[in-house]
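Colleague: Put the complex together from the two separate chains, hints included.
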Amino acid sequence: MREWIRKSLSRRNLLSAGALTAAGAGLLTLARTQPIAAQPHAGHGTQAAASGSDAKSHAHGNMMSGGAVDNHKNGFDPTKILTDWETGTVSQLPDGRVLRTYEVTGEDKEIEIIPGVFFPAWTYNGRVPGPTLRATEGERLRVVFHNNGSHPHTMHFHGIHSARMDGIPGAGMVNPGDEFVYEFDALPFGCHLYHCHALPLKRHIHKGMYGAFIIDPDPARHPEQAAVANSRLLGTPENKEWQEFVMVMNAFDTDFDNENEVYAVNTVGHHFTKHPIQIARGKPVRVYLVNVTEFDPINSFHLHGNFFDYYDHGTTLTPTLKTVDTVVQCQGQRGILEFTFKDHETGLYMFHAHQSEFAELGWMGMFDVVEATS
Amino acid sequence: MNESLRPPVAAETLRPRASRTTNLLWFAVPLLALILASVWLVTSDWLKAFDNGAPPVEKITFERVVLDNDGIHLQVRAGGSAELSIGQVLVDDAYWSFKQEPAGALSPLSSAWLHVPYPWVLGEKHEVKVLTRTGVVFKHPIEVAVPTPQAQIGHLGPQALLGIFVGIVPVVIGMLFYPALRGVGRNGLNFVLALTVGLLAFLLVDTLKEAVEFGRKSAESFQGIPMVAIVALGAFLLLFAIGRRHGTPTGIALATYIALGIGLHNFGEGLAIGAAFTAGVAGLGVFLVLGFTLHNVTEGIGIVAPLVDNRPSLPTFLGLALLAGAPAIIGIWIGSLTYAPHWAALALAIGAGAILQVIVEVGSYLKRRAAPGETWFTPSILAGLTLGIAVMYVTAVFVKV
Numbered sequence: 001m002r003e004w005i006r007k008s009l010s011r012r013n014l015l016s017a018g019a020l021t022a023a024g025a026g027l028l029t030l031a032r033t034q035p036i037a038a039q040p041h042a043g044h045g046t047q048a049a050a051s052g053s054d055a056k057s058h059a060h061g062n063m064m065s066g067g068a069v070d071n072h073k074n075g076f077d078p079t080k081i082l083t084d085w086e087t088g089t090v091s092q093l094p095d096g097r098v099l100r101t102y103e104v105t106g107e108d109k110e111i112e113i114i115p116g117v118f119f120p121a122w123t124y125n126g127r128v129p130g131p132t133l134r135a136t137e138g139e140r141l142r143v144v145f146h147n148n149g150s151h152p153h154t155m156h157f158h159g160i161h162s163a164r165m166d167g168i169p170g171a172g173m174v175n176p177g178d179e180f181v182y183e184f185d186a187l188p189f190g191c192h193l194y195h196c197h198a199l200p201l202k203r204h205i206h207k208g209m210y211g212a213f214i215i216d217p218d219p220a221r222h223p224e225q226a227a228v229a230n231s232r233l234l235g236t237p238e239n240k241e242w243q244e245f246v247m248v249m250n251a252f253d254t255d256f257d258n259e260n261e262v263y264a265v266n267t268v269g270h271h272f273t274k275h276p277i278q279i280a281r282g283k284p285v286r287v288y289l290v291n292v293t294e295f296d297p298i299n300s301f302h303l304h305g306n307f308f309d310y311y312d313h314g315t316t317l318t319p320t321l322k323t324v325d326t327v328v329q330c331q332g333q334r335g336i337l338e339f340t341f342k343d344h345e346t347g348l349y350m351f352h353a354h355q356s357e358f359a360e361l362g363w364m365g366m367f368d369v370v371e372a373t374s
Numbered sequence: 001m002n003e004s005l006r007p008p009v010a011a012e013t014l015r016p017r018a019s020r021t022t023n024l025l026w027f028a029v030p031l032l033a034l035i036l037a038s039v040w041l042v043t044s045d046w047l048k049a050f051d052n053g054a055p056p057v058e059k060i061t062f063e064r065v066v067l068d069n070d071g072i073h074l075q076v077r078a079g080g081s082a083e084l085s086i087g088q089v090l091v092d093d094a095y096w097s098f099k100q101e102p103a104g105a106l107s108p109l110s111s112a113w114l115h116v117p118y119p120w121v122l123g124e125k126h127e128v129k130v131l132t133r134t135g136v137v138f139k140h141p142i143e144v145a146v147p148t149p150q151a152q153i154g155h156l157g158p159q160a161l162l163g164i165f166v167g168i169v170p171v172v173i174g175m176l177f178y179p180a181l182r183g184v185g186r187n188g189l190n191f192v193l194a195l196t197v198g199l200l201a202f203l204l205v206d207t208l209k210e211a212v213e214f215g216r217k218s219a220e221s222f223q224g225i226p227m228v229a230i231v232a233l234g235a236f237l238l239l240f241a242i243g244r245r246h247g248t249p250t251g252i253a254l255a256t257y258i259a260l261g262i263g264l265h266n267f268g269e270g271l272a273i274g275a276a277f278t279a280g281v282a283g284l285g286v287f288l289v290l291g292f293t294l295h296n297v298t299e300g301i302g303i304v305a306p307l308v309d310n311r312p313s314l315p316t317f318l319g320l321a322l323l324a325g326a327p328a329i330i331g332i333w334i335g336s337l338t339y340a341p342h343w344a345a346l347a348l349a350i351g352a353g354a355i356l357q358v359i360v361e362v363g364s365y366l367k368r369r370a371a372p373g374e375t376w377f378t379p380s381i382l383a384g385l386t387l388g389i390a391v392m393y394v395t396a397v398f399v400k401v
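In the order they appear, the protein sequences are chains P and E. For the first sequence, position 289 (counting from the first letter as 1) is numbered 289 according to my numbering, and the numbering increases by one without interruption. For the second sequence, position 212 (counting from the first letter as 1) is numbered 212 according to my numbering, and the numbering increases by one without interruption.
Only chain E is shown next, with the shape it has when bound in the complex (with noise of 0.2 Å):
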């Protein structure tokens, strides 16, 4: 790096190693030619030529919307090439009053409250529309009106029952798996892992395709789908290079990376239901819990396939399980507020990181677990794997309802 950036004809051979105040002189010189650059166009001002009088993009994102006693609330992010000012609210094509907070024009990427005290009605449909300065028209949808939970301690008791029924409770019973796994013979637990390999790469489907889901939503600055593969590759290899500090993880380490990757999954489930109880309770049925509960069985297993090899404690065992389905009651809590899409396209990036870090693991010990010489991809861990992405798949059903 410090070579192609130091003068012509530095060959290390043929001159001496610069002084390290010269190299941080060296360093300055392309900086300082990017400023005079930059003043040069700001200054001279001769890209004028290219303005053809076209109006400035606009572009606001809906981030999150409160409704409450005093009415709607929305918070706005700018986008687009120059600052917006915007110049009414209307709710269901009226005109209403409305405060904003900040007041003033938007810069790009800044954001501010509007508060519109619209008599909103109970389970009915309404549409907020945004008129801009040069009469642009933004609008958003508030499918079903429900007054939006606030966080109260009151519902935090209901709220982490519910996560661990769905995050721990099948973990746990998944777990309970493990005296069987113990007899289950090699080629036995080749199918498990295999299993759990199948299971996490429906995982990472999943978790996915809903970071994607929430980066569309977010503000354009923020490059949502850029921004979500960016963030799961750095999740995964900065998980991977801290599991294979001390060689390729196994058993206990690896149980422990499946149980994050499988954590952070569920926080994101978490998210989801959370934001179903902000746009109204009585969508959370009984049916719907026992399938979440039904769906996570499987990761369960997963988590214990590494540790047949070992003998670990009860409070080990525990740790997995709290690690595995606690998120999820963690995902409710903030879920069941109201949170910019951003922020979830973020935290499922990163589960959808670390699923593929396990993944890439218990594969990898799936292939040292074969004999020398003989191929790791056998029946049974075929069959492991198609199987594990099937029950995932088919239990889908249920929370698809």
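Chain P with its partners taken away, still in its complex shape (with noise of 0.2 Å):
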């Protein structure tokens, strides 16, 4: 008898009745009268209390995580990670060069990705994503490991060095307890990132070990375009007048099964819907977007009601692309977004993944043009 309700069930046999248009004129009726879709919050009951008064979100609707992460437990705020570059130790070479120096300590923790779930984590310093490690093109670096966590790591960084330094199995691989000193020049300029390369490689990046690297370009060393180039060199006053925010577009796999439960950029799902980046309309942005997504070959970045110019790894003072809604990005691929909200109305605009099974997974987010960020 189970069998025969398996089979009356089929698609064919309940679109062929004609006892549906009554049903079908009840879900007409759900789409009038809908109540709740018109309030987003209201029907959150438990969770939405901890969410508080998220007025911005009513764009997604109901289709949206409840609640709220604690940034506080998790030691790292998605929003501060944005504009939190970590510019290290500055000191001279006995040549003259600038050295700069940046500690970064390897240890497992136990991380909030959505509200409610969490993920045992691997880290940088403690984070996902690791800290922004942010540089001038030519000076030498010097980047300190040391893992107190419970598995070998390494720091492996996208740039120019050589193989002692590569940061792979053999070449700096540290040991729980030990230290490595990787060193090498800050070269090419651009926009970058490192990650852990100790094996299982996928899975020591997906646990969270992974983070930016930015070399920003030396005006003097590009003097044809050095209006661009001083733009882009944090701490100048051409790049006082931009908003740089660094996103690391990752995901997460919270049960092992090679396919992630949770999207994000900067690691928790949802947080720029809940929390819109606030931008001031007349000054032009610059997004430093790096894509760690392990399993999915590639993401996306789609921007709305703007375009915006592309600086494929940021390896160039012109854009690569230029005039375009959308990029992809494959795993580890990464690379620069100008644009201006300039000629724009104030108000909120949405950017996601235009991977739609991502965004609705949690990789979306607002911008919220104003007139004047507080």
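Wrong hints could be hidden among the right ones.
With a Cα cut of at most 20 Å, we get these calculated SDA-like pairs of lysine to any residue [to be verified]:
1) E:125 with E:65
2) E:59 with P:116
3) P:109 with E:134
4) E:48 with E:80
5) E:139 with P:118
6) P:342 with P:228
7) P:109 with E:56
8) E:129 with E:110
9) E:139 with E:108
10) E:129 with P:357
11) E:59 with P:256
12) E:129 with P:257
13) E:129 with P:116
In short, the hints are calculated from the structure, not lab data.
Modeller: Pasting the structure below:
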């Protein structure tokens, strides 16, 4: 008899049934009267109590994870990560060059990646993504990596360096409790990344061991484009005219079946939907976009109501793609987006992966364009 | 029993029987020992030596799903080794806001409702996923989304009519063979009684199969299959004991037990038909209802077979028909609302026990009817048994289309 029920429920049977007209009418009523959709957070109950008054997420209705992540307990806030540049400590080498030293510690840590769901992460400096290391083209970099984690780890930089400094098994692998100093020149300028290259690679990356690595161009080396280079160089007056954000597109496979449950920018799913990124209308925006999503071959970034110039890998001072509103990045690919809302109305402008699947699983957010940022 | 719990060297012949109070005190000793052992285990916490860092086992069973104008509502039951908390709910791989009632972590065996305001699409498939705190995913497919019928007075009438058609009508039609049965002679009646045993054997297998299927779908803590086995056996023993209070049942008493067993089976059949309502009325065609009717006619013959030597009154016949057929109506009513699988497994297990009791009683009645010194396992009985099973099997084809 069970078989009979299963069979009798085939779609064809259902759709051919005249009796369903009534039910269909009922659904139309649903579409018209569904009260909850109009007030996205009214129905959240206990979950909503924690999420607070978030009138910003109207656009997503109920297609939204309920509740709020405890940033304090996590030890990092995805919004703060946007503009948190780790510039290390600076000293001078005998030959007059700048030596920039970073201290990074590997540690195991349980992090909340979407409200109520926890992930046993491996981290750099207790945060995912790890610190955004920022340097200037041509400097000497020294990265002191101390491994407090439970597994051997490395720091493998995307940049120009010797084989000895590659951060792979056999060259810069650090056992738990040990330390290694990676040393190389900051080359080439651009938007790069670093990640753990211990094996198995997939697991070490998707557990959370990655971060952005940004090398600003040295204007002296690019006299013909000094203005552009200056605007990219952190701390210059030209650079201060920009609003710069680092966005690391990542994802988490919470049940370890090689498929991600949560997609995000800077780790916490839906964070920027619930906490839109405030930008001043008059100032141009530069996004350092890095894709470290595991398991899915590509990820993407799509901007609503606007277009941007794209610098693939950030290694050029002229755009590699002009006037696009969507860009695709393969695993490990990254680039710089530049756009402005100067001629726009103020308001909420969405951005998200244009793989709808990723967007619905957490990778979406909002720019809140205002006259002047607070 | 008492003797074994007494202090050592307690030989009845050597020592006088202890007083009632002393005996009660001796009962307290093992209980006290158990309490002491538990307290020591909890307070000393030496089990932590076994803690290998493994996360607790989590288990979620989806017991009921209701689709209505407010969205999707799911009743979930927690299982596993520790309490679990539900982090997020996804529908078709998208996070959705949801409300949990009651809120908070779920201890093992407790249940909660998840209300998800999801705009489901009529006639299409959806999949609900629940993500726990530790990131474990539990999936539940909604094969075909149709609004869940609410308990409505307006529906009861047509459902009752359907129940009458698949439950009572065929039984009454089968009973109409009664006058014919009175003229079939001894061998003929043996044949009909054996036919009854055959059809009951089929129903036993069918009922047990369904009970086990529901048992598998219930929360793990309910131990579906052992539960079904124990309840079926318990129902059998209970009915057997009741039936034999005044010796082996014959005549009207035997017919009543047969009707009861068949009634419980028809209750299960009603549940299944009602569940079809829950999922979509359209599946229920004329052919299918006719199939059920045909399938159940044999049951009517089985009920009246032991009555050939009596002359029961019309109300007796009517009562038997109601006992065997009416549970189908109640089954459809209950089945059309949503119900947790363990309740269905319980009801069907009781039905299986009742059917087993009737098989035993009709069998022993057949055995008693044999002349002394003669084998009871005659060709007509063998033929009846085989045909009974065969007819049920073949007519069941019509309801499995």
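Colleague: Confirm or reject each hint.
Modeller: Comparing the hints with the structure gives:
This hinted pair checks out: residue 125 of chain E and residue 65 of chain E have alpha carbons roughly 14 Å apart, not beyond 20 Å. At roughly 17 Å between alpha-carbon atoms, residue 59 of chain E and residue 116 of chain P fall within 20 Å of each other, so this suggested pair holds. Note on residue 109 of chain P and residue 134 of chain E: the hinted pairing holds, with a Cα-Cα distance of about 13 Å set against a maximum of 20 Å. Note on residue 48 of chain E and residue 80 of chain E: the hinted pairing holds, with a Cα-Cα distance of about 19 Å set against a maximum of 20 Å.
Between residue 139 of chain E and residue 118 of chain P the alpha-carbon distance is near 19 Å, which keeps this suggested pair within the 20 Å criterion. A C-alpha spacing of about 19 Å is found between residue 342 of chain P and residue 228 of chain P, which places the hinted pair at or below 20 Å, so the restraint holds. The straight-line distance between the Cα atoms of residue 109 of chain P and residue 56 of chain E is roughly 18 Å, inside the 20 Å bound, and the hint therefore holds. Taking the CA atoms of residue 129 of chain E and residue 110 of chain E, the gap is near 19 Å; set against the 20 Å cutoff, the hint holds.
Proposed proximity of residue 139 of chain E and residue 108 of chain E is supported: the alpha carbons are some 19 Å apart, at most 20 Å. Between residue 129 of chain E and residue 357 of chain P the alpha-carbon distance is near 15 Å, which keeps this suggested pair within the 20 Å criterion. For the proposed pair residue 59 of chain E and residue 256 of chain P, the alpha carbon gap of about 16 Å is at most 20 Å, so the pair holds. Pair hint residue 129 of chain E plus residue 257 of chain P holds up; C-alpha atoms about 15 Å apart against a cutoff of 20 Å.
This hinted pair checks out: residue 129 of chain E and residue 116 of chain P have alpha carbons roughly 14 Å apart, not beyond 20 Å.
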